[in-house]
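Participant: Sequence:
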Amino acid sequence: MFDYDAELRGYREAFRTACGIRPGDRVLDVGCGAGQTTRDAGRDAAPGAVLGVDVAERMLEHARANTSDDNVRYVLADATTYDFEPVDVVISRFGVMFFDDPARAFRNLRRAARRVVFLVWQPRAENEWARAIPEAIGGSFRDDSPFSLGDPDTTRRLMTDAGFTEPTFTALREPLYYGPDVESAYENVLQLREPQTLLAGLDPADGDRARAALRETLKAHQTADGVQFGSAAWIIRTE
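All residue numbers for the sequence shown refer to my numbering, where the first residue is 132 and numbers rise by one.
These are computed hints drawn from the structure, not numbers from a lab.
In this text the structure is predicted, and so the values were computed from the model without any measurement.
Among the hints, a few may not be true.
To be verified - Simulated restraints on C-beta separations: (1) Gly294 - Pro335: 49 to 55 Å; (2) Gly269 - Ala355: 25 to 31 Å; (3) Glu370 - Ser271: 35 to 41 Å; (4) Glu314 - Arg262: 21 to 27 Å; (5) Arg195 - Phe300: 30 to 36 Å; (6) Leu333 - Arg143: 31 to 37 Å; (7) Asp275 - Ala187: 17 to 23 Å; (8) Glu192 - Arg245: 29 to 35 Å; (9) Ser199 - Gln327: 31 to 37 Å.
Said to hold, decoys possible - Quick list of in silico lysine to aspartate or glutamate cross-link-like pairs, DMTMM-like style, CA-CA up to 20 Å: (10) Lys350 - Glu318; (11) Lys350 - Glu266; (12) Lys350 - Asp339; (13) Lys350 - Asp312.
Positions of the beta carbon are idealized from the N, C-alpha and C atoms, including for glycine.
Model the full structure from these sequences, guided by the hints.
Facilitator: This is the structure:
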């Protein structure tokens with residue numbers, strides 16, 4: 132399974148600080164994945180309670196297996212419709228961009244809390260990883276949902292219509308990490324759905340050329356800290 136926590140490690144502390152979780156807080160973590168942000172929140176909120184929700188049972192299995200904190204629990208749930216108990220803050224690290232009905236989802240989250248802290252991608256054009264990897268394979272990622280909240284004006288309107296106060300947007304830029312070396316990064320990238328889809332559409336000869344080009348692109352992004360690509364995100368906050 133692809134290690135999103137490793138990929139996003141550059142954002143971990145900035146997001147944790149931005150959340151501003153205090154002892155005793157009740158926290159909801161939307162799109163919690165394997166639970167790293169949920170566990171961080173649990174340690175900051177203790178003795179408060181943290182609920183992590185995700186629609187992927189496989190991710191939640193990893194989250195539960197790696198969590199020993201007794202103030203943290205996980206639920207398989209769609210945040211668009213789940214009846215959440217009131218909390219002090221809703222947080223999400225790259226988990227709120229994928230709603231089929233974002234207006235309904237944000238209204239539901241607003242019923243749970245006034246204060247939110249979301250980390251979302253800026254537009255695709257600002258994210259090297261979303262351009263360089265598919266271009267190496269000879270295509271483009273077709274799924275625009277990761278960038279659905281990248282435009283501040285659109286997102287601001289969506290959130291205020293849902294009942295939130297005017298959100299603030301803070302820009303962050305961090306490298307995304309794909310592995311310590313080219314071969315590790317190559318294996319990791321090929322675990323992602325979009326590269327798999329692009330490669331599956333190629334004939335064998337073109338597939339071989341695309342894989343070789345991908346390796347060259349990864350080699351060009353080898354640094355002393357591993358294979359990394361530039362990325363840009365927003366921290367969105369309401370009070």
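Participant: Compare the structure with each hint and give your call.
Facilitator: Comparing the hints with the structure gives:
{"no.": "1", "hint": "Gly294 - Pro335: 49 to 55 Å", "verdict": "holds, 54 Å"}
{"no.": "2", "hint": "Gly269 - Ala355: 25 to 31 Å", "verdict": "holds, 29 Å"}
{"no.": "3", "hint": "Glu370 - Ser271: 35 to 41 Å", "verdict": "holds, 38 Å"}
{"no.": "4", "hint": "Glu314 - Arg262: 21 to 27 Å", "verdict": "holds, 23 Å"}
{"no.": "5", "hint": "Arg195 - Phe300: 30 to 36 Å", "verdict": "holds, 33 Å"}
{"no.": "6", "hint": "Leu333 - Arg143: 31 to 37 Å", "verdict": "holds, 35 Å"}
{"no.": "7", "hint": "Asp275 - Ala187: 17 to 23 Å", "verdict": "holds, 20 Å"}
{"no.": "8", "hint": "Glu192 - Arg245: 29 to 35 Å", "verdict": "holds, 32 Å"}
{"no.": "9", "hint": "Ser199 - Gln327: 31 to 37 Å", "verdict": "holds, 34 Å"}
{"no.": "10", "hint": "Lys350 - Glu318", "verdict": "holds, 13 Å"}
{"no.": "11", "hint": "Lys350 - Glu266", "verdict": "holds, 15 Å"}
{"no.": "12", "hint": "Lys350 - Asp339", "verdict": "holds, 17 Å"}
{"no.": "13", "hint": "Lys350 - Asp312", "verdict": "holds, 8 Å"}
Comparing the model with each numbered hint stated earlier shows that all of them hold.
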